[in-house]
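Protein chains: 2
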Amino acid sequence: MHLIDNLQYANWSEKIFRQMREGGVDAVHVTIAYHEMFRETVANFEQWNRWFERHPDLIVQARTGDDVRQAKRDGRTAIIFGFQNPSPIEDDIGLVEICHTLGARFMQLSYNNQSLLATGCYEAEDPGITRMGKQVIKEMNRVGLVVDMSHSADRSTLEAMEISERPIAITHANPSFWHPALRNKSDDVLKALAASGGMLGFSMYPHHLKDKTACTLNSFCEMIARTADLMGVGAIGLGSDLCQDQPDSIVEWMRVGRWSKEIDYGEGSASDAGFPPMPDWFQDNRDFGNIATGLRAVGFSDEETAGVMGENWLRFYDDSFGAQ
Amino acid sequence: MHLIDNLQYANWSEKIFRQMREGGVDAVHVTIAYHEMFRETVANFEQWNRWFERHPDLIVQARTGDDVRQAKRDGRTAIIFGFQNPSPIEDDIGLVEICHTLGARFMQLSYNNQSLLATGCYEAEDPGITRMGKQVIKEMNRVGLVVDMSHSADRSTLEAMEISERPIAITHANPSFWHPALRNKSDDVLKALAASGGMLGFSMYPHHLKDKTACTLNSFCEMIARTADLMGVGAIGLGSDLCQDQPDSIVEWMRVGRWSKEIDYGEGSASDAGFPPMPDWFQDNRDFGNIATGLRAVGFSDEETAGVMGENWLRFYDDSFGAQ
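So the protein lines, in turn, are chains A and B.
Per the working numbering, residue 1 is the first one in the first sequence, and the count goes up by one each step.
Per the working numbering, residue 1 is the first one in the second sequence, and the count goes up by one each step.
Hints are not guaranteed to be accurate.
Put simply, identical chains are the same to the list, so a pair is met inside one copy or across any two.
[To be verified] Calculated cross-link-like contacts (lysine-lysine; reagent style DSBU-like; alpha-carbon spacing at most 35 Å):
id : residue 1 : residue 2
1  : Lys-72    : Lys-138
2  : Lys-134   : Lys-15
3  : Lys-212   : Lys-138
4  : Lys-261   : Lys-191
5  : Lys-191   : Lys-15
6  : Lys-212   : Lys-191
7  : Lys-138   : Lys-15
8  : Lys-212   : Lys-261
These are computed hints drawn from the structure, not numbers from a lab.
With the rest of the complex left out, here is chain A (with noise of 0.2 Å):
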């Protein structure tokens, strides 16, 4: 089985690292950008090239889903890049090639607000995928980046759907049946993912959860036999959004970037505008056998379990990374 984890965004460090080995960790899809403009996201993909020449014992640069398998038969975990928001490919389409060549393999088309190319599920309308988007999507299908909607509203969630000619991800977010937050997603866009091949990834950030901190693994995991029914058990996997180590400055950076002078608390709140504890079934890298217990006892059988743990992820990979 490959344990791989489709969202991460940790303050990393050489603990973190081992913390993955540990855990026996496959593979991390890891934020590089967030806000960053394409200039500051090469510094980003920099920082990363001296971790892994740093750590080459730990972690290793994966392009392919063969690479998270030789990762696997090497003892590493294999990195995977992706970005949050398209601020990386500013206004020129020839980036996405660019940064596919230097690794991205996910890229959001909006973060929470409205974009270049799509609307986030913050803003008040959606007017769906605007022009330009329509011509990104063309070209990261072309060159194998994957679309990510975690972020984006419905209508531009579907249409990303029904314009991209390659399944797209929806890499961490839950169902809004279980937890009706925001980020979360309705039946209708679950469903729609599903029959357009697409997967979706569990996050365990307590905004996505039920009862938030306190949500037990027991609730999760049956929210997950429950998304199982509603979308297939191939199409499921994990996007945990594990944000470790990282001060509540980083919270505010992902909320607010430079797009406003005025705090914004996104899904937390004045009172509670930090970032909230995980629960206690997953506090780091080493708790992901708790939640594949979790699946057992709730009915999963090994092979389903081994498709949620990472096994389904490793398939879209291997669909979803080379050239059409």
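Based on the hints, put chain B in the right spot on chain A.
Below, chain B without anything else, positioned relative to chain A:
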């Protein structure tokens, strides 16, 4: 035999790509930056991506010697990227690996002037490789980006050979014993280059030729024979410096970039400011056969001719383009 031209800077067009095929040119090292900073260089990578997408029957990007072999089997011309100045890496050593990942395989440490790394051949003083230069050479060695000293001053060039743990190149220049232009290279430099496993590419740019545009094919090939005696027949190849179809504004850009408000004529003069006409035996990519014929006429064996026409560069690519 593989036919390789290790330096061109044409005004690229489908016409020229078709001439490459007609001339049986298997690989060309193309300059994609003279004075461009990183973001501008990325736009040049993007422009090439568009050409690769539009002309997949004619050209393909190459990152390794094996990519050149595959291109030949597929009947396409392999394109290898290079910079004539270190301006694309700005003051950021992390950009060395980023540029290599995007496909850069040669980088000059200086272009005529002092750079952050080394001294150019038109400076009055040459203090040698700088502090940053030493660090960047080490990083270029690590990732497989070849040090090119074509436009550098002698002390910097000799120091680069000493500091570099991998062979370097002078991609486009001729020996000064034949034509004492500032851009051509002394016996000392050429002997040290060969002794360190490096390569020289012979230029057909008229300012580097004895008798300039009137230079005869026989004189050019006799010069190659004398250089083979000096360096060994395995250390030499072609680097035509062909600037086909470029307007004279481009030679001004090459010479002046943005570093001066005054005109600088470089190898030309006020009365001869533009691109000089190429010699009649080398007008474009269809004329490499003349050189092969000329080499045999001055006594090169078929195998030696094949070496000069491309096999020597191909072996150098095999040894130079991968990680250390």
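Status of the hints after comparison with the structure:
In this assembly of identical chains, the alpha carbons of Lys-72 and Lys-138 lie at most 35 Å apart whether taken from the same copy (32 Å) or from different copies (30 Å). Taking the closest pair of Cα atoms, Lys-134 and Lys-15 come within 35 Å of each other only across two copies (32 Å); inside a single copy the shortest separation is 41 Å, beyond that limit. In this assembly of identical chains, the alpha carbons of Lys-212 and Lys-138 never lie at most 35 Å apart, being 37 Å within a copy and 50 Å across copies at closest. Taking the shortest Cα distances, Lys-261 and Lys-191 never come within 35 Å of each other, neither inside one copy (38 Å) nor across copies (63 Å).
In this assembly of identical chains, Lys-191 and Lys-15 lie within 35 Å of each other by CA distance neither inside one copy nor across copies; the values are 39 Å within and 51 Å between. Proximity of Lys-212 to Lys-191 under the C-alpha cut-off of 35 Å is restricted to the intra-copy arrangement: shortest distance 25 Å within a copy versus 72 Å between copies. In the homo-oligomer, the alpha carbons of Lys-138 and Lys-15 lie at most 35 Å apart only across protomers (28 Å), although the nearest pairing inside one protomer, at 39 Å, exceeds that limit. In this assembly of identical chains, the alpha carbons of Lys-212 and Lys-261 lie at most 35 Å apart only when taken from the same copy (28 Å versus 63 Å across copies).
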